[in-house]
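Generate coordinates for the entire structure from the input sequences, incorporating the hints supplied.
Chains A and B supply the protein sequences, listed in that same order.
Residue numbers 0 to 132, in numbering that gives the first Met the number 0, belong to the letters of the first sequence in order.
Residue numbers 0 to 289, in numbering that gives the first Met the number 0, belong to the letters of the second sequence in order.
It should be emphasised that the hints constitute simulated quantities derived from the structure, not laboratory data.
Beta carbons are placed, not taken as given, at the ideal position from N, Cα and C, and that holds for glycine.
Certain hints may be false.
Residues on chain B that point at chain A, a partial pick, calculated with CB under 10 angstroms [said to hold, decoys possible]:
(1) Y46
(2) Y231
(3) I232
Derived SDA-like pairs: lysine to any residue, alpha-carbon spacing no greater than 25 angstroms straight-line [stated by the list, open to error]:
(4) B/K73 <-> B/A101
(5) B/K219 <-> A/D11
(6) A/K75 <-> B/E211
(7) A/K114 <-> B/R220
(8) A/K71 <-> B/Y210
(9) B/K146 <-> A/E97
(10) A/K48 <-> B/S213
Pair ranges (Cβ atoms, derived) [claimed, not checked]:
(11) B/S51 <-> A/A106: 32 to 42 angstroms
(12) B/D74 <-> A/D11: 33 to 43 angstroms
(13) A/N73 <-> B/G161: 30 to 40 angstroms
(14) A/M0 <-> B/S51: 28 to 38 angstroms
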Amino acid sequence: MNTFHLEVVAPDCTPFCGEAERLLVKTTEGYIEILSNHTDYLATVDTGKAKITVNGKARVASVSGCFLSVKKNNVKLVVNTFEFADEIDLNRALRAKEIAEQMIKEASDKESMAKAQAKLMRAIARISVAKNK
Amino acid sequence: MGSASLLEIKRSIKSVQSTMQITKAMELVATSKLRRAKERAEQTRPYHKALSEAIDRIRSYEATTGSVFAEQRKDPKTCIIVVAGDRGLAGGFNNNVFRLAASIAEKEGGNCCYLPIGKKAVERFTYEKKEILTDSFVNVSSFGVSKSIALGNTLADYFLKGTIDKAVIVYTEFVSMLSQVPTSSTLLPLSPLENTASGENESSFSDEPLYESSPDEMLKRIVPSYLGGSIYIALCESFAAECGARRTAMNSANKNAEEMLNNLSLGFNRARQAVITQEITEIVSGADAL
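This is the structure we're talking about:
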């Protein structure tokens with residue numbers, strides 16, 4: 000199968016760099032799958048699931064932020080957090096979810112509400128990825 | 000008299016020795032921390048590069064000359080982010096940053112507020128009674144990715160609301176083990192795009208890409224992360240520089256201590272000899288008197 004060069008870049012590390020066959024990510028407009036020879040493309044990435052297929056094997060990961068860029072078969076997925084399913088600490092994610100729910104209850108203004116919601120989204124994404132690995 | 004000065008010299012030798020133990024330990028700690036900090040600083044570069052590339056890419060195709068983030072406002076209220084250390088004993092590390100921050104504040108003309116990062120910076124600007132946006136970033140070493148990105152979001156928010164019109168970050172760049180240079184860079188507004196001869200170099204984008212959402216929307220989402228990334232890089236650099244500066248400072252402290260010890264032990268030996276000589280003369284003259 001045709002491949003493209005995929006690089007996943009996080010602020011503190013590069014979780015994935017190499018040839019991939021497919022990449023499934025959730026953009027702000029919905030899920031999109033990138034195959035090789037995709038047209039040049041830019042999108043912002045939402046908190047959610049990502050799936051990278053290498054040699055017919057799919058690896059699932061939880062992703063939050065920032066954007067996806069495709070340029071001449073070079074794909075860059077720039078993220079704020081990225082964890083493959085087997086790297087996720089499920090207990091920690093469950094705890095984070097509880098904290099986030101508490102924060103939503105206590106949120107007084109729009110800003111802290113948005114923060115809490117984003118935190119909850121991240122926790123839910125992690126949990127669902129970790130459970131369906 | 001002789002034995003009193005002997006004791007005194009002995010005491011100062013001991014105190015120098017114990018100080019030297021501390022400075023030696025600090026040098027070792029700084030060296031090992033430095034190695035890790037340097038690696039961390041290197042690892043953040045790809046992220047930052049990817050983000051700034053994307054921003055340039057979007058902006059180069061926008062019909063208008065720029066986005067809201069590139070707006071140059073008149074009489075700007077400047078937010079100066081000052082990244083310093085948590086602790087002293089690092090030579091001129093903290094002071095050099097503050098000096099640069101002060102000169103920038105002067106250039107911007109009075110209308111400034113500060114966002115200090117690191118205990119020393121917070122202390123300094125509270126003491127000077129400057130306008131501080133927030134003093135909650137006391138601990139540099141615990142300042143991770145998520146905090147940087149949160150701070151980037153806050154900054155972008157402030158900028159859009161008009162609370163601040165300009166954001167400058169002042170930090171120390173890690174050049175090498177021996178040289179750390181305080182530098183500053185303007186985060187907001189985004190610098191105007193350079194009109195390089197497009198199509199010639201490989202990094203220029205010849206075809207307009209497909210956008211998922213409008214370019215402006217995308218910039219609104221990317222720019223906060225870009226700011227966060229820039230802040231994170233500055234922090235990593237600054238931390239590496241702090242370790243470097245401390246290492247150098249402690250190294251010279253060690254050398255000084257060694258020199259002092261040499262002088263003191265020389266003095267000690269002389270004093271001891273003088274005491275012995277005096278005792279012998281006393282005994283001899285005592286025997287003569289008999």
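- prompt: In ascending order, which of the hints set out earlier in this document are inconsistent with the structure?
  reply: none
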